[in-house]
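**Student:** Sequence:
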Amino acid sequence: MIAPMKKITLLTLDSEREKAVKALRKLGLVHVESKSSESKSVTELKMLQNRLALCQTVLNDASKKAVENNNKKGSSTVSNLSDEQALSLIDEVVGLSEKRKENLREIAKINTKIKEYAVFGDFNPSDFQYLEERNVTVALCSANEKQYRGLFEQGAVVKGIEKSELDVIKLGVDKKKVLFLLVGIGTGLPASIDSSITVLPIPKYSREEYVRQVNTLYNEDQNIAKKLLELSENIPALKAFSQLVQKRVEFETVYTGMESHDLSEKEALATLTGYVPTKDFKALQACATENSWGLLSDEPSTDDAVPTKLEGNAITKIIHPLFDFLDTYPGYFEVDISWTFLAFFGIFVALIFGDAGYGALVFLLSGGLALKTKLSGKPVGFGLRMFIYLSIVTFFWGVLSCSWFGVDPSVLPEVLRSIAIPGISGMVEKSVQNNNLMLVAFTIGAIHLIIAHLIAIFTSKITLKTVANIGSILMLIGMYFVILNVLQISVGSFGIIPIATWMLVCLGGGFVLDFVFCNYEGSIGGSIVASFKDIITKLLGIVNVFSDIMSYVRLWAVGLAGASIMLTVNNMASPMFAKAVLFAVALILCVFGHGLNMVLNVLSVLVHAVRLNVMEFAGHAGLGLSGFKYNPFKED
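Residues in the sequence shown are numbered consecutively from 0, following numbering that gives the first Met the number 0.
Quick caveat, the hints were computed from the structure, so don't treat them as lab data. Being a predicted model, the structure only gives us computed values, none of them experimental. Treat each hint with caution, since some may be false.
No farther apart than 27 angstroms at their CA atoms in a straight line, the calculated lysine-lysine pairs in the DSS-like style are these [to be verified]:
| # | residue 1 | residue 2 |
| --- | --- | --- |
| 1 | K25 | K203 |
| 2 | K5 | K377 |
| 3 | K628 | K281 |
| 4 | K39 | K169 |
| 5 | K25 | K112 |
| 6 | K246 | K203 |
| 7 | K176 | K145 |
| 8 | K108 | K98 |
| 9 | K633 | K5 |
| 10 | K238 | K21 |
| 11 | K377 | K633 |
| 12 | K460 | K633 |
| 13 | K108 | K175 |
| 14 | K34 | K628 |
| 15 | K112 | K45 |
| 16 | K176 | K45 |
Between beta-carbon pairs, the in silico distance windows are [to be verified]:
| # | residue 1 | residue 2 | range |
| --- | --- | --- | --- |
| 17 | L463 | G293 | 42 to 48 angstroms |
| 18 | N222 | E83 | 41 to 47 angstroms |
| 19 | W501 | I418 | 34 to 40 angstroms |
| 20 | L363 | I523 | 40 to 46 angstroms |
Yeah, the Cβ is synthetic: ideal placement off N, Cα and C, and Gly gets one too.
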């Protein structure tokens, strides 16, 4: 369930604002309503956070590269730093990082210049100045072969300048470019050389000097890398300092976000608005009395940005880590869907993984971690409990479908085949199995969406608008059977169910009920007029019902893809297992192939299993899932 909240306004003397914020943080119950704060202190702290994040990234990269290159890593012996030490370290690391970037840019720049002039060989730029002082101007030039012949073998280099007034020294050909020196004696080079000729400026240094500069910069870069590796021992301390800075940002944001109200020239009040769980309100009252605060409370309105605090029992809390991971929560005025999310998410994961062997592996891994945590005296987190739950559901589905690492059921022990359901296993023809698995997927989808509308009915005030949800349920039922008929899906001994009049009545009647009552706000006529205004969307409603049910076919399709990968891996490895010399290769192939398949299944879960809950289901239940987590202002 979603914990009920009270909206509170705290009043204190402006002169005691800092004391009040410290006491409020120590209490750790109030979710402070965020307000923009442009104070100098907050700005400076956020700038420090940015530099600190850059510092941590640089040191983490240095440590990671050292491990990759088998170099000795920092020993991470520093546990904490004073503010002065931390600031000095940040400045040093950021400075080294900037110096390293500057060196790398300079190395790239010099290497480009070396490559550009390499075709001309090595030369000393001072020789060009020496010649220029004696009225001999030399230019480094290039042109393609055709242009070169046209310019220097048939005519003038530039208009108005005869070939005899310029000397051309051909150096060679590089990638179809003729390299040559253009020499002007006495008069120098003309100002407008033919545009087809590329004239390169004389470099500042010789090739040998450029190479020496690159080596110097490279050595300096290596020294910086070593220094950063030494400083990486401060990573844990910087992490602790980062948490401290974050708490300071939170404190300053709350402190400066309090509104000030002048009462007189000498006194002023500071106010703060926030939300506190109703069950904790008495504790806040006691703190307010102790600190002589004024405290106003009220019930939140729909216009308020109320945080969501999910509560529940040991079972429903299993799914809460997924909400945290997705950063997706029902709004405060919406209904908690933890039960349905937990149940159907488990079913979706089981259908996507679809294998008892995979479920057993995940169970052993997560169960082992849970046991280790329990033996260490720590509570087992709900994240681990979620993995245990998902592995159990996956295992049982794999048992029922007789899937054990994709091995052909015919070679499995009789006991495993006897407890399976033949119709959804590989013990029947592939077409029959696919038919039944699609039937399972569409049936689960229809039930899931019908439950969404039932939740909408029983969690809202019963009015004529409720009839619209009944109409949607009728459309789902009718469309479910229409889809089975259109896709020619057989339903057990009933075979392919023909489209009957009652199905069309469900579709048509449900559409009419939804059309008439979906916008009901006290007047049926007004609701009908509102629906006509949105007639296009309404007409597309039946199409949406069709597409939403069809969306659940992904459970079969993704499961089929995973099963195909398992079969391919097994077929590739099976012949190798028969040969002793290839046994290790076959084992590695199986581990890699099935491991890759499990990773792909995890990605499929995040894409498909989550989508069916947060989009299709939430849409039919009328939920926006636009809430945000209750995050009380507290100290750790």
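**Student:** Tell me, which hint numbers fail for this structure?
**Tutor:** 1, 2, 4, 5, 6, 12, 15, 16, 18, 20
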